[in-house]
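Got chain B; can you put chain F on it based on the hints?
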Amino acid sequence: MTSDAPEPKFDDVIHAPIRLRICGMLEAYGTLRFDALRDTLNVSDATCSKHLKTLADHGYVTLTKKTGEGRRYKVTWVQLTDDGLRAFQGHVAALKRIIAGE
Amino acid sequence: MNDTPQPRRTDGGTPLHPEPEERHDVSRDLPIDALGQLQALRDLDADRLNLAQRGQRGHTAMLLPFAVLGFIVIMLYWPFGLMFGGYIEMTWTMLFAFLVFAILSIAVMLLLMQRYQRRTGMATYFGGRASRKVSMRAWRSRTYATTYVLVIAAEIGIPWLAMAWGYHGGTWPVAALIALIGSLVIYLLLRWNMRLFFRMLSSPAFDGANPPAVTPSPGSGSPSAREGGRHDE
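Protein sequence lines correspond, in order, to chains B and F.
To get the numbering used here, take the position in the first sequence, counting from 1, and add 2.
To get the numbering used here, take the position in the second sequence, counting from 1, and add 7.
Since the hints were made in silico from the structure, they are not lab data.
It cannot be assumed that every hint is accurate.
[Unchecked claim] Below are the SDA-like pairs computed for lysine to any residue, each with C-alpha atoms no more than 20 Å apart in a straight line: (1) 140(F) / 87(B); (2) 68(B) / 33(B); (3) 11(B) / 47(F); (4) 11(B) / 42(F); (5) 76(B) / 124(F); (6) 55(B) / 40(B); (7) 140(F) / 81(B).
[Said to hold, decoys possible] Over the 12 Å line for every Cβ pair with chain B, so calculated as not near, a few chain F residues: (8) 94; (9) 159; (10) 177.
[Unchecked claim] Simulated restraints on C-beta separations: (11) 163(F) / 65(B): 37 to 43 Å; (12) 66(B) / 116(F): 20 to 26 Å; (13) 113(F) / 52(B): 40 to 46 Å; (14) 88(B) / 117(F): 28 to 34 Å; (15) 52(B) / 43(F): 50 to 56 Å; (16) 183(F) / 55(B): 54 to 60 Å; (17) 74(B) / 159(F): 53 to 59 Å; (18) 48(B) / 153(F): 23 to 29 Å; (19) 112(F) / 58(B): 35 to 41 Å; (20) 107(F) / 52(B): 49 to 55 Å.
Glycine included, C-beta positions come from ideal geometry on N, C-alpha and C.
Pulled out of the complex, with its shape left as it was, chain B reads as follows:
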């Protein structure tokens, strides 16, 4: 049986607080709608978009547009990729190392 513990790797893309929190939520809930992320982070649309774009550019998340309620507009759904998950878990492990003073 392989160990579940990810290899600690500090990732400066994920290290930004907002991006870390985005990844944390996505790690827990899989796929989230843009407004759920924005509301929980308590940031503006622009800020949230900017960080999501950074994560998407690095291949950590995928952004999918789907028809929203009433089919009048499209809403964005965000999903963590496998690379994103690995990077996030590694980063959290690295943070824990820092906290533990290792």
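Then chain F, alone, in the frame of chain B:
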């Protein structure tokens, strides 16, 4: 600066990111202190709690129409019982009714899931790896497992009770009463079960997120630690 941990080097000095020009050394630019990182992990837990509450609100909104549908479904079992009991003799009608009933049940479940998504902005509460892990962990809690089994037993058993009533030629007012009480019982059990689940989902985002090496100052116990202690049954 010498005391600052160097997280970018974990394998004997090999940089984790081979392009130092593209990825600047964060440990040099940013103050990477243990307390700051601890706060970052606490923020992750707070986000998880917020989302769990959002999910719970969405689920509560979903439960009421589910209870109404539950009443209808249980009530529908009564005429099936009448048919099986020989009070209504229409085999083909009965088979057709069962088929429609099965399709309707699946459609209703899909509809409810879509409603949950629309309301909360979450695909499902079992979508993420962490929430799946929580759901596996939840089974270790005797209370959660009991409520889960009770929900399943009630969802299967109560409609059959209505059917048995029909089979023995029971009257419709009693069938309606069985449906009413039955749907109420299922509603309450589901609410209880989901409340337990969401409470676990809002527990620390990461197993072992409470670092043993850091001793929090008096009175500043991490929420993670508090939650962790509460849910480790």
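Taking the hints in turn, this is what the structure says about them:
The straight-line distance between the Cα atoms of residue 140(F) and residue 87(B) is roughly 14 Å, inside the 20 Å bound, and the hint therefore holds. A C-alpha spacing of about 13 Å is found between residue 68(B) and residue 33(B), which places the hinted pair at or below 20 Å, so the restraint holds. Distance restraint check for residue 11(B) and residue 47(F): the Cα-Cα separation of roughly 16 Å lies within the 20 Å cut-off, and the hinted pair is therefore satisfied. Proposed proximity of residue 11(B) and residue 42(F) is supported: the alpha carbons are some 19 Å apart, at most 20 Å.
At most 20 Å may separate the alpha-carbon atoms for a hinted pair to count; residue 76(B) and residue 124(F) meet this at roughly 15 Å. Restraint check: the Cα-Cα separation between residue 55(B) and residue 40(B) comes to about 14 Å, which is no more than 20 Å; the hinted pair holds. Taking the CA atoms of residue 140(F) and residue 81(B), the gap is near 18 Å; set against the 20 Å cutoff, the hint holds. Distance check on residue 94(F): its Cβ is at least 45 Å (rounded) from any Cβ of chain B, clearing the 12 Å threshold; non-interface status holds.
Non-interface status of residue 159(F) relative to chain B is upheld: no Cβ of that chain comes within 12 Å, the nearest being about 24 Å off. Listed as outside the interface, residue 177(F) is consistent with that label: its C-beta sits roughly 43 Å from the nearest C-beta of chain B, beyond the 12 Å cut-off. Between residue 163(F) and residue 65(B), the C-beta spacing of about 41 Å keeps the proposed range 37 to 43 Å intact. Checked against the hint of 20 to 26 Å, the C-beta distance between residue 66(B) and residue 116(F) comes to roughly 23 Å, which is consistent with it.
A beta carbon spacing of about 41 Å between residue 113(F) and residue 52(B) agrees with the range 40 to 46 Å that was offered as a hint. With their beta carbons about 32 Å apart, residue 88(B) and residue 117(F) fall inside the hinted range of 28 to 34 Å. The hinted range of 50 to 56 Å is not satisfied by residue 52(B) and residue 43(F), whose Cβ atoms lie roughly 22 Å apart. Evaluation of the 54 to 60 Å hint for residue 183(F) and residue 55(B) yields a pass: the beta carbon distance comes to about 56 Å.
As the Cβ distance of residue 74(B) to residue 159(F) is approximately 40 Å, the hint placing it in 53 to 59 Å is violated. Between residue 48(B) and residue 153(F) the CB atoms are about 48 Å apart, so this pair departs from the stated range of 23 to 29 Å. Between residue 112(F) and residue 58(B) the Cβ separation comes to about 39 Å, which falls inside the hinted range of 35 to 41 Å. For residue 107(F) and residue 52(B), the Cβ-Cβ distance of about 50 Å falls inside the hinted range of 49 to 55 Å, so the restraint holds.
Going through the hint list in order, the structure does not satisfy hints 15, 17, 18.
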